[in-house]
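Novice: Given next are the chains, with one letter for each unit.
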Amino acid sequence: MLAVGLSHYLVLSALLFSLGVVCMATKRNAIGILIGVELVLNSANVNLIAFSKFQTGLVDGQVFAVFVILLAAAEAALAIAIFMNFYNNLQTVDVDRGDVLRG
Amino acid sequence: MDSVAAEQGRSLKDHMDDLAFYIFAAISVASAFGVVVSQNIVRTALFLLGTLGGVAGLYFLLDANLIAVIQLIVYAGGTLILIVFGIMLTSKSPWAEFKPPKSQIVLAAFVGLLMFIGITSLTLSGEVNWAARATKTPLATSPKVAEAGEALLTTYLVPFEVDLTAIGAAYLAKTEK
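Those protein sequence lines, which keep their order, are chains A and B.
This note's numbering puts the first residue of the first sequence at 1, with every later residue one more than the last.
This note's numbering puts the first residue of the second sequence at 1, with every later residue one more than the last.
Hints were generated in silico from the structure; no laboratory data involved.
Keep in mind that the hints are not guaranteed to be accurate.
What the hints assert, rightly or not - A short, non-exhaustive set of chain B residues, derived as facing chain A with CB atoms under 7 Å:
id: 1; residue: Asp18
id: 2; residue: Thr79
id: 3; residue: Ile87
id: 4; residue: Ala134
id: 5; residue: Ala166
Since the model is a prediction, treat every value here as computed from it, not as a measurement.
The beta-carbon is built from N, C-alpha and C at its ideal position, and this holds for glycine as well.
Please model the entire structure based on the sequences and the hints provided.
Specialist: Right, here's the structure in full:
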């Protein structure tokens with residue numbers, strides 16, 4: 001078995017990122033798009049931690065990952081609040097129907 | 001890469017770590033595929049839990065114990081619950097499905113594949129020599145949880161506080177109607 005190094009984590013992260021982008025592009029449910037965003041943020045975090053372990057050996061990458069996780073939590077709360085208003089106005093969370101410009 | 005010389009100095013623990021990497025990577029990637037393929041939004045959220053758990057395992061392997069625990073508590077415990085509640089509050093039936101047109105699926109899969117090939121070919125081509133850019137040897141002692149916590153509350157105190165403010169802003173936006 002090949003020794004696991006930085007490139008393994010980079011390929012895994014690229015795979016998670018691409019899957020997140022595909023998820024964002026294909027889902028019509030607004031919450032499905034939010035889940036795609038979470039996948040992309042996770043792939044970024046894998047990159048940060050892998051570089052912190054294999055390249056610098058310092059904790060800075062881990063600290064940035066904490067910021068990403070906290071921002072993702074705040075962003076999810078905001079997005080859910082927006083989707084609730086969306087649902088209250090249109091009785092659906094289908095993003096293809098969110099094409100009215102008045103509330 | 002001198003694989004023969006690298007193979008000599010590797011202990012059983014290193015091989016177990018490699019095996020654990022492949023297991024956690026398989027869990028997270030398979031769950032991510034499930035997230036993309038599943039048409040049911042409740043199952044999508046459940047598959048996201050698998051990805052988050054697998055990635056948390058990878059953090060443990062990367063000696064980032066603090067991040068792994070935060071990932072499990074904040075992401076799997078908090079954000080995912082928020083998403084599940086959002087699903088329950090925004091669908092008349094939990095089995096409601098919105099199918100995208102087939103042309104969009106094909107286009108998105110093509111773009112995603114192109115993106116993956118582009119990123120991996122760039123990282124693996126040797127265009128960027130990662131080993132030469134490393135500022136440490138990979139076998140140095142791993143950072144401890146206390147070090148990460150200390151950096152968070154000394155060097156990075158201001159960004160940390162700003163980040164917490166963002167959560168407060170999200171809370172205000174949610175309660176204000």
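Novice: Checking each numbered hint in turn, tell me which of them this model violates, lowest number first.
Specialist: As far as the earlier hints go, not one is violated by this structure.
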